[in-house]
Each structure stands twice: as structure tokens, then as C-alpha cells.
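In the order they appear, the protein sequences are chains A and B.
The first sequence begins at 1 in this note's numbering and counts up by one.
The second sequence begins at 49 in this note's numbering and counts up by one.
No lab work stands behind these hints, which were simulated from the structure alone.
Glycine included, C-beta positions come from ideal geometry on N, C-alpha and C.
Among these hints, one or two may not hold up.
Per the computed footprint, the stretches of chain A lying under chain B, defined by three or more beta-carbons under 8 angstroms from a beta-carbon of chain B, are [unchecked claim]:
#1 12 to 20
#2 25 to 37
#3 41 to 48
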Amino acid sequence: MNEKLKTAVQIGIAIIAVIFIIYGVNREENETVLNKAVNICFECIGLG
Amino acid sequence: MKIKNPVKRKLLQIAAFGFSNFHIGNFKGGELYTGAWKKFCNPGLNCYSCPAASFACPIGALQAVSGSTNYNFSFYVIGFLLAVGILFGRFICGWFCPFGLIQELINKIPSPKIRLWKGFKLIKYIILVIFVLLLPIVATNYMGMGKPAFCQFICPAGTLEGGIPLLSAHSELRQTIGFLFSLKMFILIATILGCIFIYRFFCKTLCPLGAIYGLMNRISIYHLKVDKNKCISCGKCAQICKMEVNPVKTPNSAECIRCGACASVCPKNAIYLSFFSSKYKNKNKKNNQAINESEHTCFETLNK
Numbered sequence: 001m002n003e004k005l006k007t008a009v010q011i012g013i014a015i016i017a018v019i020f021i022i023y024g025v026n027r028e029e030n031e032t033v034l035n036k037a038v039n040i041c042f043e044c045i046g047l048g
Numbered sequence: 049m050k051i052k053n054p055v056k057r058k059l060l061q062i063a064a065f066g067f068s069n070f071h072i073g074n075f076k077g078g079e080l081y082t083g084a085w086k087k088f089c090n091p092g093l094n095c096y097s098c099p100a101a102s103f104a105c106p107i108g109a110l111q112a113v114s115g116s117t118n119y120n121f122s123f124y125v126i127g128f129l130l131a132v133g134i135l136f137g138r139f140i141c142g143w144f145c146p147f148g149l150i151q152e153l154i155n156k157i158p159s160p161k162i163r164l165w166k167g168f169k170l171i172k173y174i175i176l177v178i179f180v181l182l183l184p185i186v187a188t189n190y191m192g193m194g195k196p197a198f199c200q201f202i203c204p205a206g207t208l209e210g211g212i213p214l215l216s217a218h219s220e221l222r223q224t225i226g227f228l229f230s231l232k233m234f235i236l237i238a239t240i241l242g243c244i245f246i247y248r249f250f251c252k253t254l255c256p257l258g259a260i261y262g263l264m265n266r267i268s269i270y271h272l273k274v275d276k277n278k279c280i281s282c283g284k285c286a287q288i289c290k291m292e293v294n295p296v297k298t299p300n301s302a303e304c305i306r307c308g309a310c311a312s313v314c315p316k317n318a319i320y321l322s323f324f325s326s327k328y329k330n331k332n333k334k335n336n337q338a339i340n341e342s343e344h345t346c347f348e349t350l351n352k
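Generate coordinates for the entire structure from the input sequences, incorporating the hints supplied.
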């Protein structure tokens, strides 16, 4: 992959990442993450 | 005083481990940290059911969101993984992953070290697709809720960091132990044994987070570069690499965790780890200038 194409891909992915994060926060996915992370995850510890 | 690369890396790994597991006091009562920081994902693999955990595990969070009734895809977590991946690639695995540090310490146990058969390295991609991406969305109950299949059936980090401490602290939880916990304990023991003989056995074979970052290694901004003009093909870099990568052939291999061991051992300083290609070019330019100047001085001396 030449340098110019690589830079374009990097910029493209960085922009997509930022848009995804903003959209995810906007539809309150981070609250779902918080809700899961503050309670004991029975699946994670092998009981679920 | 300049700190050597392996020492620098180990110090950063310890700092990242401490930062990711800041609430050590919670081990005593078997409670979890419940603050707002758990909205954020940890860049490395660290179970959010570990009493000390400060952040959410990205793989657990990805499954939790995509398996919930409200969503089928996590823009938030995928966006986070893309952002971290495009910036650092598997540099995160080598320098910031708490479970990576645990594996490296286990590997210090004196034993014959063996190389892993290449085919095993593909297992982590299968796990990523089936257990992390597909099953939480497809295998749902009547309410449309999926379970975090990777956490439930595989993750040894969850058993070690979350399962054992929580079950030790809560007798009521111990009464619910069944086949699933035995399966997870078996995977944990197998992983520990694997790590004794094989460097970062879990990273190489099972880690879905390593698979994601590894796929982004080819295009990540932080990258490894080899100056083919300087390289004398001595093979020292490939020999020292514990991830079994040949940096000269595949500098941006999906297995490279950017530990920098190859760059430290290179006798010609032909290997660079950098965010910017310009830094590499400048270094090259300076080196070429130095060579030209020394050649010029030699010619002048000979002429005299």
C-alpha cells in the first residue's frame, strides 16, 4: 500500500471512528456499557 | 540517564495495570467499582467484573451492547476500537494490556520455551467472528437478549480477575458453581500452562481484542519501519522476536505487538517504531549526512 493511500485510509477510519463514538453516545450505548460494567457479570465469572 | 526499552516497557505495563485496576480495596469485600469511569472502555483486555477494574472491558462491552434488547450493533465500542486501533494497532497489546503483563510474568517461570504452530494463530479470528460478533446477536432468548458468548464460554481473564476473587468473597455465589465454571477453570488452567511454555499464549491463539488490533497493524499510524538500505539481513531481529515475527519480511504483521525488542537488537539501527514517516526520513537523512561527511573527511585526508 503506497503512503498516500495509507494516509487516506487512516484519515477515513479516524473520521468513521469519531462519528461512530458520537452516534453511539447519542443513542446512549455508553449507559448500557456502564450498566453492565457496574453489576457482577455472571457470564464473565463462569456462573451465567 | 536513558531508560532502556525493555525497562521502559515493563514500567509502562505496570502503570497501565495499576491504572486499569485502581480500586484494589474492593477485593476485600468482593465489590465492584460503580463510578462513571466504567462508561469508558479500557484499551486492553481487563474484565469489568474484576473488583479493582476502573473501566469496562471493550470485548465485554461490545457483546453487552450488541446482545441487549435495544441494539444489535455497538457504534460506541466499535468506534472506540477503530480509534485506538488506527492510532496504535497492537502497540496496546505490548505496552498497555493488563492481561498481557500477567502472561509475560507467567512466562518467566523457568521452563523450555516452545514455538507455536502457525495455524493456531488463526483461532483468535474464528473466536472474534463467532463468539464476539455473531453469537450475542444471533443466539437470543424470547426477549431478544443475547449473552456475551466469549465471556461466558472462553475468557480466562474473566475467570482469573473476576471469577476467583468474587467467588472467594461471596459464599452465596460459590453455591451456584456448576459445569460452566469448571469449563472456564479448565480454559484458565490450560491458558496458564500454555503461557509457561509459550510467550503470550492467549494473545497468539485466543484473544479477540488482539485479533482486531492485529488486523489494524498494517494501517495503524504508529508503525514499524525497516530501512532496507541499512539492513544487513543478520536475522537478529527475527531471532529475538518472541511473537515469532520476522520484522524485515513483515514489519506490520498482525502478530507484532510493537514491543521494540527487534529495534533494540538491530546492530545497524535499521528498525524504527514511530508515529510519523517523516521522523524516520529525518533520521535517515541525518545518518546519510553523517556518512557523507565522514566519507568527505576520509577523501580529504587521503588527498593530503
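Outcome of the hint check:
1. Here's how the stretch 12 to 20 of chain A fares: 7 of its residues keep a CB closer than 8 angstroms to some CB of chain B, so the rule of at least three is met and the hint holds.
2. Taking a C-beta to C-beta cut-off of 8 angstroms, the stretch 25 to 37 of chain A contributes 10 residues in contact with chain B, enough for the three needed, and the coverage statement holds.
3. Against chain B, the stretch 41 to 48 of chain A contributes 7 residues with a C-beta closer than 8 angstroms to a partner C-beta. That satisfies the three-residue criterion, and the hint holds.
The earlier numbered hints are all upheld by this structure, with none contradicted.
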